[in-house]
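Given these sequences and hints, build the entire structure.
There are 4 protein chains.
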Amino acid sequence: MILPKNNRLTEPEVDQLRAIVGEFGCRIQPIVGDVRTIYAIVGDERHELMINRLEGLEFVDRVDTIQSPHKLMDIKSDLARHRVKVGGVTLGQDLLIMAGHCTIDPKNPNLFYETAAAVKEAGAHAIRGGVWKPRTNPYAFQGDNKSLDILMEGSRRTGLPVDTEVMDEEQLKLALAAGVQVLQIGARNALNYSLLRQVGAAIAGKPVAVLLKRGMHTGTLNEFISAAEYIVNFGNPNVILCPRGTQPGLDGYRNHPDESITPLLKERTWAPVVVDPSHSVGKAHYVPACALAAVAYGADGLCIEAHVEPSRGLGDDPKQAVTPAVLAGLIKDAKALHAARRSPRTATL
Amino acid sequence: MILPKNNRLTEPEVDQLRAIVGEFGCRIQPIVGDVRTIYAIVGDERHELMINRLEGLEFVDRVDTIQSPHKLMDIKSDLARHRVKVGGVTLGQDLLIMAGHCTIDPKNPNLFYETAAAVKEAGAHAIRGGVWKPRTNPYAFQGDNKSLDILMEGSRRTGLPVDTEVMDEEQLKLALAAGVQVLQIGARNALNYSLLRQVGAAIAGKPVAVLLKRGMHTGTLNEFISAAEYIVNFGNPNVILCPRGTQPGLDGYRNHPDESITPLLKERTWAPVVVDPSHSVGKAHYVPACALAAVAYGADGLCIEAHVEPSRGLGDDPKQAVTPAVLAGLIKDAKALHAARRSPRTATL
Amino acid sequence: MILPKNNRLTEPEVDQLRAIVGEFGCRIQPIVGDVRTIYAIVGDERHELMINRLEGLEFVDRVDTIQSPHKLMDIKSDLARHRVKVGGVTLGQDLLIMAGHCTIDPKNPNLFYETAAAVKEAGAHAIRGGVWKPRTNPYAFQGDNKSLDILMEGSRRTGLPVDTEVMDEEQLKLALAAGVQVLQIGARNALNYSLLRQVGAAIAGKPVAVLLKRGMHTGTLNEFISAAEYIVNFGNPNVILCPRGTQPGLDGYRNHPDESITPLLKERTWAPVVVDPSHSVGKAHYVPACALAAVAYGADGLCIEAHVEPSRGLGDDPKQAVTPAVLAGLIKDAKALHAARRSPRTATL
Amino acid sequence: MILPKNNRLTEPEVDQLRAIVGEFGCRIQPIVGDVRTIYAIVGDERHELMINRLEGLEFVDRVDTIQSPHKLMDIKSDLARHRVKVGGVTLGQDLLIMAGHCTIDPKNPNLFYETAAAVKEAGAHAIRGGVWKPRTNPYAFQGDNKSLDILMEGSRRTGLPVDTEVMDEEQLKLALAAGVQVLQIGARNALNYSLLRQVGAAIAGKPVAVLLKRGMHTGTLNEFISAAEYIVNFGNPNVILCPRGTQPGLDGYRNHPDESITPLLKERTWAPVVVDPSHSVGKAHYVPACALAAVAYGADGLCIEAHVEPSRGLGDDPKQAVTPAVLAGLIKDAKALHAARRSPRTATL
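Residue numbers (full-length UniProt numbering), protein chains in the order written: chain V, 1 to 349; chain S, 1 to 349; chain U, 1 to 349; chain D, 1 to 349.
No lab work stands behind these hints: they were computed from the structure. Relax, there's no trap hidden among the hints.
With a cut-off of at most 25 Å between alpha-carbon atoms, the simulated BS3-like pairs for lysine-lysine come out as follows: (1) Lys146(V) <-> Lys107(V); (2) Lys5(S) <-> Lys71(D); (3) Lys206(V) <-> Lys173(V); (4) Lys332(D) <-> Lys335(U); (5) Lys206(V) <-> Lys146(V); (6) Lys173(V) <-> Lys107(V); (7) Lys173(D) <-> Lys206(D); (8) Lys5(V) <-> Lys76(U); (9) Lys332(S) <-> Lys332(V); (10) Lys335(D) <-> Lys332(U); (11) Lys332(V) <-> Lys283(V); (12) Lys5(D) <-> Lys76(S).
In structure tokens:
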């Protein structure tokens, strides 16, 4: 839909429109209103360059496109029947719980093993544990390759899959070689298309899933879903969308909680949504309320920072990790609400 | 706390600080660190002009104040034991449900009477009905004084209190004269201090409550609580804080839902929080999920647009009003969750 | 333009569209694309209720309107040839400079008289002086009626028009009775439609102009221009748009400077734009750069806080008022740039 | 500075503070006010883990740090005397102009050569040309290695240095091997710390500079400066900060122009600031005003998209590239303003 600056275009102007869209196999259909004429693009309008060239014309105000740019992630794509599974849970049926350390302390492996056992006992289906950490401050602890062994040992001891963040090709290779079952793309790499392509290519044909965090700052849903399209495009559709709060944060929270985007994502894409309430609020005592709100909005799962002794943790754990006891209560309440709620489009939810 | 631009101030600079704070009955205490010295203000630091004058000094970077500016609304004020009551419900104990039309249609009073009866039947404790409406577009329907009679007749027929928005002194007088029990200050008037003062003065000593909506655009919590301080300052402490979503809206919602501020408000103020999910999301089919999320975050009540026949409504009703059947389901689910959840600081919520 | 959720609507669905738009004198024209059909509204589509009812249909995704809602403020309205004049300056020709106190100190009238004389000497065409002040904190100094006499005396002594903010009907009447030439609507009242209507009605037929500040928080241009439409609608078209920075502020500035909206406003409306750099940045030493940037973007004038002795000022003056010497330099540089720059659409600006 | 939730801490609570900060070589100094006691951290407080552990204590409200986390980028670091040079221009003395294509068209090398010659003629000191392009849509044109040869041929023909964006290690190696003089880190990789480290390590000891774009979404200044610290930390201090507008965009611009952060950056860091007005506004006809505003705010240079025939360009060029004639006029005006303005802290700017 081309919206011109003036109420009607001249014939030579319309010819310019025709010439441009013609190069992309489209044609122009004017819609003549009483006051104003607008110009529909008939054909496949998803050509970024075509739109840029149209918007570059001085008599064009803007071009609105109405087709989804997501061939694979779109709710109407053939993949819409695909179901992602993690740790024995089929997303979309049961509520998936992932829990564990923000950062594994390479000097205290037992803390991680204890947490892994405790969160399994509390009801978690997968264990999270940070091996490498992105830090705004270059002089902060950035993680340690040794933690990868600790992570996998935690997986073996519990029999549960593990999730860890990878930030570059080297970490990606190490994580896959070690057998990590869920690769996490962090909020700082949500627009790092080189990494998204590398991850997509590396997991093709492998029984591995990707937990894709939403970008750190408030962006569009299109941006979020496009990042997933980059990965799925290589053949492995096991991608999970993870809202985790955005910057700037609300007065008193670490981020601005964004579990409310869940219904909007679910209208556009078939991908499951697993919310991270820990980063959303950033303090342990707010986490249970945020987790429950995520389930209220229809989330398929929760990814929570938990630690047997938060004050001894590294990274964000001293602030935002809940104890296994809190986690157990939270899981119980979340499961009850998940069972009670039905489709957000029905009368009673 | 005065943070200077350089690591240490000279004695004449410190003397300037002393001279300014001395005028306001405060004194300066330097805190000498290894690298840097900062300067604490000892005494009552809540003088806006004192802070402006300190920040106006070229060697001062900024002044951080740590005392709450809210003498009455603060969680530690003597009013913290006050309980607001509406329609037989004590806020903080039971979940308050307010529901009804965005806008009363003066040509179709029966629609409002039917809605009033239906939302009472569904479980609502108070009826909302817009008499006068703020509109971005000056040529849109702005309401009608006749609707005030319809509103009060709805109150009489149901025996329930009614809520309506007032935007200026004339409307305030009319509403109070008619017997409106809950006055609403809308999101566009959240910083209209003249109106806040007029309302505070007018309700002093009267059995009337105020539903104070959060400002239309994302502002600070301080701004929201200060607006309430303006009202309470005149003697009637029956004020209710109402988050209703903020601008800019999330991709697909009318506003950015903000029920997540509830725990942050409750740490700062004793005032009850009643969330408006209808304006937050702006489309009827998203309302139940948002309402449930508000209860998950600890809201004391919900204010919901409902209509017996949404498509015949004026204002926002055709888009965002739920039917009485949806409302009844929503109330049932919300009450169950409200009963299940406990303090957000305990282990299990 | 009605965008449905599915690629094509059924005939009964299209009939529903036709029935609704028919009530408002419009008709539906389908535009059949290869993949999708959209539905144009032919006729005057500026009916808020029509749009709300269309968007309330479950098969409608959204409705895009392309007609300007501003009958009078629109760049294409008959008023586009109107020129606003203040203090002998025709806006759009010469650069208007307004300068003076944030707040007049009723106990020190001479400070204001000295500033008024000094800013006239520096080149200002109008004097600003706050009589009544909106404050987030209800216990801060809120202004004093006595200051109105001081303001007018400043006008008489300099022979220049004066600008002051009014926040309610009482202040409006006092200011007009005293002979204030420029009424200011502050950033906190940008959506206070009752006040906008009162001001519009009160100034009709009078030689008075309105300086309309942009809302305090980032809002749409439509919102800003609509506020002006409320005023002009009563017959006096002497309205000036005043960007003044928006909340949340940039790291280190009081607000987020927004002089960059000037070209966007000028494409939509004929109204002159006078930028307030003082509130935009909030500290005196940043003001000259911001003022110059405003002129770079095509502003028609500047409204600046200035004070002969900033540290003795009330309100924001100790922080953000520039001295007359700084003001004189700033005016010189701004006039040189204003003279040098030409239309932003030509090759060299 | 530790701000507790209550007015005073108990002795055991203070002991907990002491134990934590003691592990990091700091000590606690209480500051006793009339109403409240706060607790200063004496020593080097820049330990992220120490702060996280303090904030994890239930009786702590928040911890404010006042030391800059940027050892090298800080305005007070020893590097503050370092001057970055590009294309014969010493940043901080003369105004640097970089200009050229958003994207090089590998099928039409002559278009780039013509633009390179034309922007040199117009007064540019360096040529920009995109070889690889990040795209939200995975199916859009992503660039071509062949364009790297075209880029370098443009450099040889004009004798000017060239700038191009690299997004991963492979592109980094190719660009350095080819002899690219200015590496660009794009707005989508502003938080990609793996890439920042790879770039820092790769350029150490080489006569190469980095143009570091600000992140795509509004982030803090600290975040921006920290990204530069990652690079400089490896030994090559030739880093240039490039504001380029942030998301969400202003009504009608591609982004929200952010040249106004220039004075704030310059107070914190010694690094030069080169503004990109092309991405800030996103349409060619707004670029000259934005460029001039950047110079008004004290920018050290401009990075502008220019094209001999914008409508034949790829990527953003059809919309946002200016012609060489417009560029020449813009450079003339910008240089005049740059010469006229002086330090933003002096009276006349």
